[in-house]
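Asks: The lines below spell out each chain.
Protein chains: 4
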Amino acid sequence: MASRGVNKVILVGNLGNDPEIRYMPSGGAVANITIATSESWRDKNTGEQREKTEWHRVALFGKVAEVAGEYLRKGSQVYIEGQLQTRKWQDQNGQERYTTEVVVQGFNGTMQMLGGRQGGGQGMGAPSQGGGQQQGNWGQPQQPAAQQQNNFAPQQQSAPQQQAPAQQPQQQYNEPPMDFDDDIPF
Amino acid sequence: MASRGVNKVILVGNLGNDPEIRYMPSGGAVANITIATSESWRDKNTGEQREKTEWHRVALFGKVAEVAGEYLRKGSQVYIEGQLQTRKWQDQNGQERYTTEVVVQGFNGTMQMLGGRQGGGQGMGAPSQGGGQQQGNWGQPQQPAAQQQNNFAPQQQSAPQQQAPAQQPQQQYNEPPMDFDDDIPF
Amino acid sequence: MASRGVNKVILVGNLGNDPEIRYMPSGGAVANITIATSESWRDKNTGEQREKTEWHRVALFGKVAEVAGEYLRKGSQVYIEGQLQTRKWQDQNGQERYTTEVVVQGFNGTMQMLGGRQGGGQGMGAPSQGGGQQQGNWGQPQQPAAQQQNNFAPQQQSAPQQQAPAQQPQQQYNEPPMDFDDDIPF
Amino acid sequence: MASRGVNKVILVGNLGNDPEIRYMPSGGAVANITIATSESWRDKNTGEQREKTEWHRVALFGKVAEVAGEYLRKGSQVYIEGQLQTRKWQDQNGQERYTTEVVVQGFNGTMQMLGGRQGGGQGMGAPSQGGGQQQGNWGQPQQPAAQQQNNFAPQQQSAPQQQAPAQQPQQQYNEPPMDFDDDIPF
DNA sequence: TTTT
DNA sequence: TTTT
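Residue numbers (this note's numbering), protein chains in the order written: chain A, 190 to 375; chain B, 190 to 375; chain C, 190 to 375; chain D, 190 to 375.
Hints listed in this document are in silico derivations from the structure and should not be mistaken for laboratory results.
This one's a predicted model, so the numbers in the text were calculated from it and none came from an experiment.
Just to be clear, a hint being listed does not mean it is correct.
For chains that are exact copies, the list does not tell them apart, and a pair is met inside one copy or across any two.
Stated by the list, open to error - In the SDA-like style, the derived pairs of lysine to any residue whose C-alpha atoms are separated by at most 20 Å in a straight line are:
| # | residue 1 | residue 2 |
| --- | --- | --- |
| 1 | 241 | 193 |
| 2 | 263 | 288 |
| 3 | 277 | 246 |
| 4 | 241 | 275 |
| 5 | 241 | 278 |
| 6 | 277 | 193 |
| 7 | 252 | 216 |
| 8 | 263 | 286 |
| 9 | 263 | 223 |
| 10 | 263 | 290 |
| 11 | 277 | 288 |
| 12 | 252 | 270 |
| 13 | 241 | 223 |
| 14 | 263 | 242 |
| 15 | 277 | 227 |
| 16 | 241 | 255 |
With the sequences and hints as input, model every part of the structure.
Replies: What follows is the structure, encoded as structure tokens:
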């Protein structure tokens, strides 16, 4: 029990897409979201305004994944606290690849929806909000946004949560990496 | 100027190797280190103690890189505050690859050496640390640990630092991705 | 269940004194420590080096309080993650007073001892730490440092921990404010 | 230059009142705001839902203070990153008192407005939004919200900012503590 | 590859 | 009151 070291990530940004929800054989939910953070500055040489957006891959597990699936949408602004985790996987050519994600799981992380009642995903990294009369980025619980058909395990999660390994169902699956959205560069 | 969103990483861990120092054409220093954080827990099924170590790739720029090169060594314990950044590069087969790093640069991050030489502990009657052999993982400034021969730009760093683009020398180089150590899996 | 908003404090510093340990009627441990963080800078006008130390009052509850009592001592370096909490109390003149503390409790916080016994530094040829006298600010578990005689509840703690109210024994006591050390200015 | 230790506070919450803006003799702006964070949980004994709100006093300096004065209003949701600082002052009876604040200053902190375009301060700790047709908690820059007549220095700020003492105008004034709002308990 |  |  316990952990040695600190591994903490804090993000505030907007979702680039609706969450993708999957369920593990154990029944536990997993939500994958991508979050944009950006910085803007005036270029010292050209004098023009510039902006750079960083995209973060976030994986939420358990209860917080269910909440994400119900309430978060493309453009939603969120606060994320989680841990860095790098997964190894094999691409179609059998080559080893690595993907780094922010994992929100158990007591090791948290997710907070921000800006309740705000209208739209015009922010930062969020393009137009497909769909006509949609008012906000959350509100009433809805049908899961991007529920997947396949129920295989999305990510191997063999680490415990900090301070409370016992209460947290461990994921023990080692499935191939899922398909990612093509419009976000990873 | 300014930034929209929050992108922050906080790590406390130990270096897996001596820092690798490089210099950009501009003369700015870059230090690459890998930091281990770990968690241990008792397996619910087998009852045995388990441990998982996460390795983090950290890139420090400028003054903080020089300090890292002088004082940090394999095994050194550090506090790191930086930002997540994912770089795209091409592997030898021309395939796109992505690497995520924690970037410490300008006012957007900080590095603190931990546990060095503080051994005092007067509350317990611990003796002063005077004595011959080197005590900790740092002490006197030294020769750079792992200075590289090649001086080309190691990472593209086109983003500004938060709130202070002007004071921070921007790296404007777009060099090919540097060779990474082959013995570190990312 | 759940929380709205984020309330997080991160400290790395050294203890100004041995921890003070108390026990609540429920048997739960409470540790009070003070942590120093400091900044130094060169005065723009006089050109001289200046330093300012900030002292933080930290209250730890439960298991983490027991660990603090066993292993931490005056001078120990620690990483603290907790929440800000302001308590109201009456001074001897019946005047309302407020004290702000960093509370570490349940899954809402963590404490990490830093720099202990890690002295390895194989990268520099540093020798092993074997040797007689106590080396650092912690080592073997010991007798509680500053155990108090009075066992009444030290602080009212009516807030739940984030995300896990059920697993964490709540302190339900509303005792008069404890006597604070007179030699610490808050 | 530099700092020893880490002193960091991260808050996400809503303003309890409009910001109070003051200007120092040097012309630098200071904004004082109070931020609510809250937690709710189900009482284990009574089974009823309970909630506890924590109020945080935040002082912003310089440019970020001006932005706060222009855009933040009672009910606004913000992300705050700053440092803990405890000030000593004398009450009307000549007694020493201490007030702990979160200080956002220079490169040592940041403020992010959240939920752009959202309508109203109904959140958490924010009562009704006085004033008829007001749409959001920010939008167009406006007249400073609660500009003070007196221009004396609000808080002594003798500490430097981390890593950049030179660029930051130091406040050198030691004025009496300002009056606080009576409707927020400190 | 670190550390305990 | 700590630490460097």
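Asks: Now tell me if each hint is right for this structure.
Replies: Each hint, compared with the structure:
1. 241 to 193: between (34 Å within a copy, 10 Å between copies)
2. 263 to 288: neither (22 Å within a copy, 25 Å between copies)
3. 277 to 246: both (15 Å within a copy, 15 Å between copies)
4. 241 to 275: This pair counts as between: shortest inter-copy Cα distance 12 Å, intra-copy 24 Å.
5. 241 to 278: between (28 Å within a copy, 17 Å between copies)
6. 277 to 193: So residue 277 and residue 193 fail the 20 Å test inside a copy (22 Å) and across (31 Å) alike.
7. 252 to 216: This pair counts as within: shortest intra-copy Cα distance 11 Å, inter-copy 32 Å.
8. 263 to 286: neither (28 Å within a copy, 26 Å between copies)
9. 263 to 223: Only inside one copy: residue 263 and residue 223 sit 9 Å apart there, 31 Å across copies, limit 20 Å.
10. 263 to 290: within (19 Å within a copy, 25 Å between copies)
11. 277 to 288: both (7 Å within a copy, 12 Å between copies)
12. 252 to 270: within (15 Å within a copy, 23 Å between copies)
13. 241 to 223: Answer is within; shortest intra-copy Cα gap is 16 Å, inter-copy 25 Å.
14. 263 to 242: Intra 16 Å, inter 30 Å, cutoff 20 Å: intra-copy only.
15. 277 to 227: Result: close only across copies, 17 Å inter versus 27 Å intra.
16. 241 to 255: neither (31 Å within a copy, 25 Å between copies)
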